[in-house]
Amino acid sequence: MWPARGTLAVVVTNPASCTNAVCASNSVNLSVAASAAPTPAPILSSISPTTASAGGRGFYSYCHWLQLHERFDCPGQWCEPYDNIRLVDAAHGGPSGQRCRRRGDSEHHRIHSGSGRRHVRSALADRRERESHADHHQSESGQRDGRQCRLHAHGHWHRLRRRRDRHGGRLQARTVTVDSATQVRIAVQATDVASQGTLAVVVTNPASCTNAVCASNSVDLSVAASSTSSTPTSPVLYFTDLASGPRSGNGDTSKGQIANQDGALVTVWGQNLGTSQGTSTITLGA
Amino acid sequence: MTPTAILLLGNATPPSCGAATLFNTYRKLQCITFQVDHATPPGAQNIVVTVNGIASNPVPFTSADDGDDLVCGFRGVGPEPLRVPMARFKVGVNALNSGDILYVKDGLNATGGIVVPRSSHYSIATAPLAIVAYPGAAVQVGDSTHDGIGITCSGCGYLDDVCQAGDLRGIPSGHPP
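Protein chains in written order, with numbering that gives the first Met the number 0: chain R, 0 to 285; chain S, 0 to 176.
Next comes chain S alone, as it looks inside the complex:
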């Protein structure tokens, strides 16, 4: 199944392909970012790259029916919308449920760290949670004196929500709050 879109194909340098510079003197890694198509059969699948008719080794990936892709970031693009944050890091984290993936866009930094709330992991998880920097985004979580991600939950009340979870779930980043 061909992905819906290939967002990126290039050398593995930050921020496009993560924080690490994996295309350097010693390594020549590249990366490809793609979106899973809705017609992909559920269950265990393989990712294969074919270049000039030569196929790569397969890398396993499980396509799931449950779970959501949440996008946490500023709305739209341009000078004006960027001044109005649509969401904060913690809002996205609060909205996570089993199998969800939270993509964090540029400008959302949590230098004080984040804590995954009880609601996200209180019950038995059926699929992993993931917090991923949006392809090409530079996001900082924690700093030299703060842990990046904690899973100790003493309640969700202390999270500084500025918008409702519903604003995040299933709503594109360009949608107005």
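Here chain R stands alone, though its shape is the one from the complex:
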């Protein structure tokens, strides 16, 4: 039995080699140290935006977590602008020369499409799984400090697509970008928000597990009914009360006009005509 922690005295005994009936050797100590504390699974604190319109276009969703993974604890490096930091290759390292991310880390993002409830799962790469399913490969590239960086992801995405989650939903791959130590960006596609419902976003980092639990808590992204999509965004004129009228001879001065100088008062009806005269103009003729 191994102790949880402490010191073991190791003695070797050889019955064929004894002196004065003493067959045991001297003792040497073996220290048993406490195992390293497991890295806790991510804990999501928020998601932005929290609501999307059904039928809308794809967008980026930002997930923030509280617990940092050891691979992301390079202060400052993940807080740089997106174009400069999106991908960092282990071969280049950070500006201080330290190794920040190993090849293939944190670029996977999966979506569980369940019955009535879809799960967006942002999975930080499981290196062991990638290595065992290295039949697919995807790479992305970005710029850091003017150097071309490259991130490799040996994918199992196609394999995931064929699998089913516990709800019977189909797993799909989505792009995820680690923006900072506490934020990942998920590329939500239009098909993900095609209909109303709730997306339960779960970030999974297989390299960060507690008691074999690698997934975070979930945060909800509501997909609400789209607003009146039939409403045109451009101004539209439907009709007018007068088809013709004089351009002069109007004696009305109630609005500060000069008597008899200008003409007819015309009303037009339409939609999206603006809310103030500052943003809306109307012209008659060239």
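Please keep in mind that the hints were generated in silico from the structure rather than gathered at the bench. Yeah, the Cβ is synthetic: ideal placement off N, Cα and C, and Gly gets one too.
Simulated DEER-style distance windows between Cβ atoms:
(1) S:Asn108 to R:Ser52: 44 to 50 angstroms
(2) R:Thr50 to S:Asp146: 54 to 60 angstroms
(3) R:Thr49 to S:Ala137: 44 to 50 angstroms
(4) R:Thr50 to S:Ala38: 47 to 53 angstroms
(5) R:Ala258 to S:Asn45: 25 to 31 angstroms
Here are the simulated EDC-like pairs of lysine to aspartate or glutamate, each with C-alpha atoms no more than 20 angstroms apart in a straight line:
(6) R:Lys254 to S:Asp105
(7) R:Lys254 to S:Asp36
(8) S:Lys27 to R:Asp240
Partial list, derived from the structure: chain R residues whose beta carbon lies under 8 angstroms from chain S:
(9) Pro245
(10) Arg246
(11) Ser247
(12) Lys254
With chain R fixed as given, assemble chain S onto it according to the hints.
Only chain S this time, still in chain R's reference frame:
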């Protein structure tokens, strides 16, 4: 050509934008009331609204040289002038000629209906006549037992004129009778 003035820009609800409520649960219509500038070229033109740099479809409008804009209403504003009617509905109608537009202001109701006199349509018309409620005004013509507007003219004598046509034509509503 930019209009002389935009009198109204808002949701299409009465009385500002006519009698109908066209801004409701199902429709979100708006209206704009403007005045044709005297520098507008005569002939066929287009009305276009531009919002945040996006132009609407054009709506045709013919700018005419002939015709007058007549205003039929009470003079001025305030308690005292409102007690003295400057004109009546029928006076304005009597003054109409081809191409004229009669704007009727608040307080001029003709529940018994009006009849366009012979003088307004006896000859061949060259442009339409129009009777329009002044922007924002609530005017009633006819009721449940009377036609609003008739075009049968049996003579102009029966029209109850209280002022001369000249009081209307080209004279602003705020002008004393």
